[in-house]
Each structure stands twice: as C-alpha cells, then as structure tokens.
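There are 2 protein chains.
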Amino acid sequence: MPNRTVFFISDGTGITAETFGNAILAQFETTVRRVRLPFLDSVDKAHQAVRQINHTAEVEGRRPLVFATVVNMEVLAVVKEHCHGMMLDMFGTFVEPLEDELGIKSNHRVGRFSDASKSKEYNDRIEAINFALMHDDGQSHKDLEGSDVILVGVSRSGKTPTSLYLAMQHGLKASNYPLIPEDFERRKLPPALMPHRKKIFGLTIAPERLSEIRNERRPNSRYASLENCRAEVNEAEAMMRREGIRWLSTTTKSIEEIATTILQEIRPERLAY
Amino acid sequence: MPNRTVFFISDGTGITAETFGNAILAQFETTVRRVRLPFLDSVDKAHQAVRQINHTAEVEGRRPLVFATVVNMEVLAVVKEHCHGMMLDMFGTFVEPLEDELGIKSNHRVGRFSDASKSKEYNDRIEAINFALMHDDGQSHKDLEGSDVILVGVSRSGKTPTSLYLAMQHGLKASNYPLIPEDFERRKLPPALMPHRKKIFGLTIAPERLSEIRNERRPNSRYASLENCRAEVNEAEAMMRREGIRWLSTTTKSIEEIATTILQEIRPERLAY
Numbered sequence: 001m002p003n004r005t006v007f008f009i010s011d012g013t014g015i016t017a018e019t020f021g022n023a024i025l026a027q028f029e030t031t032v033r034r035v036r037l038p039f040l041d042s043v044d045k046a047h048q049a050v051r052q053i054n055h056t057a058e059v060e061g062r063r064p065l066v067f068a069t070v071v072n073m074e075v076l077a078v079v080k081e082h083c084h085g086m087m088l089d090m091f092g093t094f095v096e097p098l099e100d101e102l103g104i105k106s107n108h109r110v111g112r113f114s115d116a117s118k119s120k121e122y123n124d125r126i127e128a129i130n131f132a133l134m135h136d137d138g139q140s141h142k143d144l145e146g147s148d149v150i151l152v153g154v155s156r157s158g159k160t161p162t163s164l165y166l167a168m169q170h171g172l173k174a175s176n177y178p179l180i181p182e183d184f185e186r187r188k189l190p191p192a193l194m195p196h197r198k199k200i201f202g203l204t205i206a207p208e209r210l211s212e213i214r215n216e217r218r219p220n221s222r223y224a225s226l227e228n229c230r231a232e233v234n235e236a237e238a239m240m241r242r243e244g245i246r247w248l249s250t251t252t253k254s255i256e257e258i259a260t261t262i263l264q265e266i267r268p269e270r271l272a273y
Numbered sequence: 001m002p003n004r005t006v007f008f009i010s011d012g013t014g015i016t017a018e019t020f021g022n023a024i025l026a027q028f029e030t031t032v033r034r035v036r037l038p039f040l041d042s043v044d045k046a047h048q049a050v051r052q053i054n055h056t057a058e059v060e061g062r063r064p065l066v067f068a069t070v071v072n073m074e075v076l077a078v079v080k081e082h083c084h085g086m087m088l089d090m091f092g093t094f095v096e097p098l099e100d101e102l103g104i105k106s107n108h109r110v111g112r113f114s115d116a117s118k119s120k121e122y123n124d125r126i127e128a129i130n131f132a133l134m135h136d137d138g139q140s141h142k143d144l145e146g147s148d149v150i151l152v153g154v155s156r157s158g159k160t161p162t163s164l165y166l167a168m169q170h171g172l173k174a175s176n177y178p179l180i181p182e183d184f185e186r187r188k189l190p191p192a193l194m195p196h197r198k199k200i201f202g203l204t205i206a207p208e209r210l211s212e213i214r215n216e217r218r219p220n221s222r223y224a225s226l227e228n229c230r231a232e233v234n235e236a237e238a239m240m241r242r243e244g245i246r247w248l249s250t251t252t253k254s255i256e257e258i259a260t261t262i263l264q265e266i267r268p269e270r271l272a273y
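Here the protein sequences line up with chains A and B, keeping their order. Residue numbers for the first sequence follow the UniProt record's numbering, so the first one is 1 and each next one is one higher. Residue numbers for the second sequence follow the UniProt record's numbering, so the first one is 1 and each next one is one higher.
Treat the hints as calculated values from the structure; they're not laboratory data. Treat the hints with care, as some may be off.
[Said to hold, decoys possible] Once the Cα atoms are required to be at most 16 Å apart in a straight line, the calculated EDC-like pairs of lysine to aspartate or glutamate come out as: (1) K120/A / E216/B; (2) K120/A / E212/B; (3) K198/B / E265/B.
Being a predicted model, the structure only gives us computed values, none of them experimental.
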C-alpha cells in the first residue's frame, strides 16, 4: 500500500512538476500514489483540484504532497489558501529570488509547451523525429550529411531508442546504422558513413545482456546465441577502436544517460547549447 | 547577445535541473547562454565545474545562474562553498522539508535514470518504443489488443510523434492508424480497429496547417492541396463524431500537451498513475 498520495498540479501540462517531483521522491524509500492534475487554468478548476486533494487528505488521514508549478496567480492563490496538502510551490520558491537577481519581473506565461506550433525550436524537434525515423537502422543514405550524429553498433545495442530520444528531447537529427557481419568481414565501416566520420558515435553492450535482449525477439536463434553475440560485440569494438570512434557501453545505462554522454562528446554546433 | 549564462549542474544526467530550470527561465523575457555540466560525481569534477563557473563570472562581469540537482553531499559542499554563481539548489530546498514531513531520511541516491537496465519500468519504456515503431501508421495488426491507446487521424495530423512521446515518456503502448479515403468511402473505421474502440483517440488539425505541413513533404501535390486537406479533415471529423470517438485538434498544441490530454482521457489501467 502506498504511504502517501502525491499530486502534481499545474496550469500547463504539469510535466515540469512531475519531472522535478519524481526526482525528489526518488530520494526517499517510500511508495506513493501519483495523481496528475494538469491544465488548471481557472479559479473553478483550482477549487475542484483543492476538493480532490482535501478529500484525499481526509480519507487517508495524512496530508498529500502537492508539487505545484502554477503560474496563474489567481489559481495559485486558491490552492495556497484552501489546500490541506503539503504545498511544494516550485515556481514561487525560485522565481522571486530570480526577479531580484535579474532585475526584471516574471511574465507569468503559462506552459513552455503552449503555442508550440509557432516556435522554430518546436518545429525543429518534429522534423528531427521524422529524420530519426527515416534514418533508422541504415534505412536511408539520403541527406546523411544532414545528421547531427550517426550512431553505430550491432543490432539491439540501443541505437533506435537513443536516436529517437535525441530527436524528441534535443531536436537533434540522429541517424543510426547497424554494424553487420559484412562490415566485419571487410573490416571497414559501412562505406556510406566514411565521409561523416566526425559525427559517428558507437554504442556497444555486454554480450550477455545482448543475448538476453535478442532472445526476447528471436528465442533460441543463432542471432541471439551468446556465442554469436560475443563474436559480434568483439568485432564491433575492435572496429571502433581501429577507426578511432568514440563509444560507450549501454549495458547498464538508460537512454537519458546515453544521450547526455553523446551530447557531451559530440557537441553539435547546430544546437543552441 | 545573451544577458546571462546559466549552468545546469548535476551528479546525474542533469535532465531534471534542465527541465526545471528552463521552465523557470521561461518566466523571464531574457536571453541566456546555457551550459550543461552533468555527471559531476567526484570532488575533482566539482572543483573543475566551479572553476568554469567562476571563470564565466569573471569574464562576463555578472554572476551566472546555477541550477543544481546534486545529491552527493561532498560534491554539493564544494560547489556551495566555492562557486561565485547564484546557486539555485533545487533538491536541497525541498528535500529537507520532505524529510520532516515523511519522517525518514533521504537516501542520496544519484540519478533516477541510473541502473536503468534492471528496472521493470525502464524495460517497459523500451518495449513501448519498439511497440510504437512496429505499430506506426497502421503497419501491423499484430497484437493490436496489446495497445494502451490507438491514435487515429488523417496523414500528418501528429499521430507518429505523439505515439513515440507516449511510449518514451510514459511507457504507453501506442499504435496509430491513418484514416484514408477508403475509410471515408466506406464511412467506417478501419475494420481492424473495431474491437478496440475504447482505446481509440482521434487527432485532427486545421486544414490550413495540414496543407502547410504536407506541402513541405510533397510540394504542390493534390495530397497537400488545401482543397483536399479540407475534404479529408471534414470526413475524418464527421467519422469521429459519428463513431463517438474522443478527439482533439493538434493545430496549436505541442506533443506534450496532446499526450497529457490523452492520458487524462484514456487513463490506461496498466499505468501506475
């Protein structure tokens, strides 16, 4: 049974409240029940949310935690005045000191994600997702020079999810190319990649883990056998060393960690960062 | 020229620092230069980061903003003691009051995203991404009943990025199906979808915006013409109304907003939330 109910409330999507709240909750060995209350953009909806939170407080006999990223001052006032939860007012806490530091007032703009269709950054992200899909698994050589990064590695080393994450979160145009037995025989990178060597980043993985993953897809195949996985990984790592390609092992890493490392290493010029 | 340099520092990926920091910065009409300093997992690296921050402070003549999600107490101590930036210690600010509230100490675990490969939640996300790719654009009817949500809409109404986002961020198994002229002629949903009606969610879009998007792909085609876009959107909306399908317009919405709305409406039972 969860020890506590946690509400994420926002006048936008609540994604920030959730990301931040979950990061903080990960610091505690406790089980919680999570409730999202996004789009609280009117006083009415604020009262509704308060009723729900207070009802939970009453039923459970302890106050819920309320991670709030509310920009609308009227909405925030209602919640602050009436809510019986423990308020963690994430914007309020940091916005005021920043107003002093920057010497300007905050604009109370709701939701970084709204009016998205008009923003260049947003359109770049959507375009990057389409690019990643078109250039998944070596599907297309077209516009390969348009890539910000080209991931290489054996089949199921984590290239596809990483490419999509880089596109979705960072607007990065990521292609990915499988390293296959033909490449190992030729002892060379796929020819299409040669002109773009600077953008290449390698992913590798422990053969035991690779075999597990491949076995889920094609049980008891030669493709999934530990012996074959060992041979492919050996060849791939030898090639990356030979070609001087930067690489990392994905075995115990999340796509977030892999993507962060790649950004550190590749530092694509196109990015605002 | 940017008014200020902002550092996101963390002993993990820094994704939380960045998400939260950017949400707060969006409240201010100011241009900033952003620098990510992830994986600060030793006192040495902490000193290196501090040198970089202090150098920036000196060169620019004003103190950088430093959004920090640092869990390692030694690393945090170095930064707090020596850094000449404005520290916004995001964990510290909220973790202590929560320790009091929950009556337990925080565990100082670094990075929600580490040791990911062992977590069921993480493996579910990766599986969901593969599922979304396999069930993109009506590609496969296989295991359609395994979907948590099935998005329908005309070509380029936003189904693919939304499916991938739902998979990546929420571990939701999202299929998507295009509504095509044959469906409009038959005046019926694609037959494969009929048994799964409860999971269907529709996306629509203003014909003008649709025509713009399609023109980028296939300039001056009948497919992209405003007239054809109008007709398709009309038919699709009429069908959704007739079939009693929940839907929203993606015209001015981001994938984050679309996904949040879908989660509110569909409330998939499989989700922990």
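Evaluation of the provided hints:
no. : hint            : verdict
1   : K120/A / E216/B : 15 Å, holds
2   : K120/A / E212/B : 15 Å, holds
3   : K198/B / E265/B : 11 Å, holds
Hint compliance for this structure: no hint is broken.
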